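Asker: Below, each chain spelled out in residue letters.
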Amino acid sequence: MATVIETQGLSKHYGGRSFPPWRGHETVRALSDLTIDVREAEVFGFLGPNGAGKTTTIRLLLGFLHPTAGSASVLGRDIVRDNRAIRALTGYLPGGIAFYDTLTGEQMLDYLARLYGRPTPLRSELIERLEMAGRTMKRPVRDYSRGMRQKLGIIQALQHDPELAILDEPTEGLDPLMQRAFYDILEERRAAGRTVFFSSHILSEVERLCDRVAIVRAGEVVALANVAELLNRRRRHVEIRMLDDSMPPALDGVAGVSDVVRRDGVLTCELEGDIGPFLAAIHGAAIADLTIEPARLEEVFLEYYADEGPAT
Amino acid sequence: MSRVVFGHLLRQNALRLIVVIVALTGWGMLMPVIYSAFGQQLADIVNTFPAIQQFVHFGGGDLFSLPGTIAVGYIHPIAIALLSVFAIALPLSWIAGEQQRGTLEIVLARPIARISYYLTLLAASTLFTGLAMAATLVGTVLATAAVGLLDQLTLANLPALWLNGLLLYLAIAAISFAASVTFDRLGPAAGFVLGIVLTSYFLQVLGSLWPDAEWLQPYSIFHYLDPSAVLLDGLQVFDAVLLAAVGALAVVYALAVFPRRDLAAPA
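For the record, the sequence lines run as chains A and B.
1 is the number of the first residue of the first sequence in my numbering; add one for each residue after it.
1001 is the number of the first residue of the second sequence in my numbering; add one for each residue after it.
There could be a bad hint or two in this list.
To be verified - Reference excerpt, derived from the structure (chain A facing chain B, CB under 8 Å, subset only): (1) 55; (2) 66; (3) 70; (4) 81; (5) 115; (6) 116; (7) 183; (8) 208.
Hints listed in this document are in silico derivations from the structure and should not be mistaken for laboratory results.
Here the structure is a predicted model, which is why all the values come from computation and not from measurement.
For glycine and all other residues, C-beta sits at the position ideal for the given N, C-alpha and C.
Could you put the whole structure together from the sequences, leaning on the hints where they help?
Answerer: Okay, here's the thing in structure tokens:
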């Protein structure tokens, strides 16, 4: 599978040597040594709270910022030398998108599409699915609600069926129905062989949509893995309620099981990795109820954001 | 140059362009009418009180001759304010303003080079300023003909006045664009440009009204548009070359800075 985005030690520091020289100030490390790869036809999530470096990464990929160190390529083109070619093949939804307020939604889409010089095969379908059809597109953008602006932003980013969509917090302002419609659209784009790179701090949508994620903290990647792999790595909480006074199964020493506690006919433990040895160990036990809490990306994320996050 | 962006700018600013053109045509018509109605009376008053003679040479013009009256019209704050719509307001708004609002980001996310974008904006600013300058001259000629004073105007020198005025406002526009590509936000860019333009205007007016401050005038960009001299003697080559050089320097600066600088996230 081809690599669509590849970064090698990509870094962006502000301050110090800058242009023009009088703009210099104390150095801020917005992004340090970012090395990731995004593959063709995958939905790649870029996770982190505000200020972690997500938007800086996107702005570097699109040429709004110049890297302090490292290199990156998008669709096989260098982000510094061939940025114009990259932008010709990319659709971009910035966070908190702004439009020319006096233009109608239709005029706005026309203008932005003409700047690409490409046909817009997906426009009418996107307008329909995001419920922007009819008079909405004829109204000036200044009359749009936040959610409508976001939907217009999604349409302008995807209307020309770009090889790569870069979406910064795409579901901000969308109601749950529209979020669902948007998820379906992204899944279809992936099925059509398109690549989606999106930043988010809404973990449930990343968990639902993404094939792989990178978690960034203070400008550095602290995890880069398949979502399933990350969840698998995550310790799940298990609670076993025994029938009457039956003896709980012996779980000490079982692979992946830890923190076993027995109290009042209830056994609790933590389960990590392959579930097979655990199931084998409880086979035949007189169990009244068994609860294995599903691993959530949120817990993985919070774990990485603890003071002493796990090393990558 | 991007034809798509240029067309967008024309559509977005059509109403603004019409309003300014109509206003400047009216303003251009006003000066010959004032001269025709009050020129002789004002000359008589000034001749009676020679001590105030210096103070009526506002900005290098006067109200005792047709070229002098037209010159006053060109250096008057109303004319400057109207022309500044295209020479200051739009250049500041088109880059620094749009960067602050976030609209620059969605345009530059398309396959358009920053140099091409800048040159397109500069071309639009040149067109708008050129049309506005022409409107002022058309108004002046129409009113001069209406009051029967065309014989006092050397029509052959009007294109030179148009060119000299255009060069002045293009130099100001180029400085505005230079500030616009340098600053991330509209406020600092506007402050920088207005500081330069207002100081420059103050030096020119002060030097024209107070003989002891006359040495300040060459430091003003407005000093290099002398409509009286152009209307009487044709294009003032040094003035035109100097204004062109100032404009060219600002353009070269912007072309060097804009493609290389980081564009901050919108406010």
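Asker: Going through the numbered hints above, which ones does this structure break? Give me the numbers in ascending order.
Answerer: Hints 3, 4, 7 and 8 are the ones this structure does not satisfy, whereas the remaining hints hold.
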